[in-house]
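> Listed below, chain by chain, are the residues.
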Amino acid sequence: MSKRLKQAALAADLGVTQAMISRWENGESDPPERVKRRMAELVQDAFVVAPAPTWVDLVTLNPGIEFVTDSLGMFKAISNGALDLFGVGREEIEGRQAQQFLGGDFAATMDQVREKGMFQSNLAFAQSLGSLEINVASGMKTVLCDFIHWPRLSEARTVYCVHSGAVIDEAAYTRRLEERGDRFTVRKTF
Amino acid sequence: MMDTRFNNSEIYWPAVVRHYRVSAGLNQTELANRLAVTQTMVSRWEAGGAAPSRRVQDLLFDLFWADSATISRDVWMQRIAHNPCMVFVVDAQGVVQTASRGFARLAGCSPDEIAGRSIDALFEGDAMSLFERLSEAGFFEGRIAGAESAELYIGRDQAAGSRFFAHGLHRPVFMPGPQVLWLASGSEVTQQNYEDVRERLGGPSVLRKAI
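Line by line, the protein sequences give chains A and B. Going left to right, the first sequence walks through residues 1 to 190 as my numbering numbers them. Going left to right, the second sequence walks through residues 1001 to 1211 as my numbering numbers them.
Check the hints yourself; a few may be wrong.
Said to hold, decoys possible - List time: in silico DMTMM-like cross-link candidates among lysine to aspartate or glutamate, alpha-carbon distance up to 25 Å:
(1) A:Lys36 x B:Glu1136
(2) A:Lys76 x A:Glu33
(3) A:Lys141 x B:Glu1188
(4) B:Lys1209 x A:Glu33
(5) B:Lys1209 x B:Glu1132
(6) A:Lys188 x B:Asp1062
(7) A:Lys36 x B:Glu1010
(8) A:Lys116 x B:Asp1074
(9) A:Lys76 x A:Glu115
(10) A:Lys76 x B:Asp1067
(11) A:Lys116 x A:Asp84
(12) B:Lys1209 x A:Asp57
(13) A:Lys188 x B:Asp1120
(14) A:Lys188 x B:Glu1195
(15) A:Lys188 x B:Asp1067
(16) B:Lys1209 x A:Glu155
(17) A:Lys116 x B:Glu1148
(18) A:Lys76 x B:Glu1148
Note that these hints are calculated values from the structure, not bench results.
Based on the provided sequences and hints, a complete structural model is requested.
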């Protein structure tokens, strides 16, 4: 009983009665095969299993450019790839206002995403092309980006917006702008 | 160790039920209420004493989806094709269900040319062995919560001529069927970066078991 479980809790997990557990522990009877297998799994799990990561945790680990903002424009999570692009440490910007650091066309894009109803679940997704001005302590730089913006639910079931993007060159920017006809396009939900 | 007790389905329900319940922060009674069954039932599924009915299987996968998404799975799948980052979705047979524009750009073709083709027809080496590692670990049975990896992609056929290093994150998506699909997202990286990631992981990939 290394896990300090009550007999009743273990019984619930294994789908047997608490009396059965007590009999196994006293050596009066042997658990069936199915229970032995499950016990072996539980013992192993105690060492190899960590809590399930949430999708927000996974965003922070992402080597690509990805970040999450809420309806107030706060950074809720930023990927490792985006931190590399921005050239800052996580603690410098997470939990702060995105538009304090990100300007250029992207600032207007964030407003449009909000106005089009991203946080009211009115959008399936939005796409944007344009400049991203990165304004951090180490200096300012501007890159051209292609972004997709899409909704996900936080654990508190409020809508967050995930921004996934790539840095593109001028030729790709021009080509994609022609394809889409507009710098900012949305796909509504029904 | 393959579990062949539930012949009607490849999904390993004890892991799926428990993983969903724990990630949603529910106890067995709360999950039972959501699914309109008894707590004893939930406990038996988690212990492997019984498999959920087909109604509950679908409901469980729908709950998994509804907990993080505001859009339908169809819309989500279509949206991936527009993603400028590296994203792709592969089924248990190794067939690419959808690929992002970002991934297609790396592979040197269009998303339509990748979708519907099997991963080993498109890439040599690393990509296929990653699929095999995931598959053997029971990824498509719902036994894996996530994985991280570093790969060298060498294209063939549609992707011929492409060659890139990538750092990827992998997780299961629970789709109707019920079936588990492999969602890969990541980024192209330098060879140095790829080597650093492999060193940190202590190999080509690290898999995290579902609870």
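> Now tell me if each hint is right for this structure.
Going down the list of hints, with the structure as the test:
| no. | hint | result |
| --- | --- | --- |
| 1 | A:Lys36 x B:Glu1136 | holds (23 Å) |
| 2 | A:Lys76 x A:Glu33 | violated (47 Å) |
| 3 | A:Lys141 x B:Glu1188 | holds (21 Å) |
| 4 | B:Lys1209 x A:Glu33 | holds (23 Å) |
| 5 | B:Lys1209 x B:Glu1132 | holds (16 Å) |
| 6 | A:Lys188 x B:Asp1062 | holds (22 Å) |
| 7 | A:Lys36 x B:Glu1010 | holds (22 Å) |
| 8 | A:Lys116 x B:Asp1074 | holds (21 Å) |
| 9 | A:Lys76 x A:Glu115 | holds (19 Å) |
| 10 | A:Lys76 x B:Asp1067 | holds (18 Å) |
| 11 | A:Lys116 x A:Asp84 | violated (30 Å) |
| 12 | B:Lys1209 x A:Asp57 | holds (16 Å) |
| 13 | A:Lys188 x B:Asp1120 | violated (36 Å) |
| 14 | A:Lys188 x B:Glu1195 | violated (42 Å) |
| 15 | A:Lys188 x B:Asp1067 | holds (20 Å) |
| 16 | B:Lys1209 x A:Glu155 | holds (22 Å) |
| 17 | A:Lys116 x B:Glu1148 | violated (35 Å) |
| 18 | A:Lys76 x B:Glu1148 | holds (22 Å) |
Figure legend: structure checked against the earlier numbered hints; hints not met, in rising order: 2, 11, 13, 14, 17.
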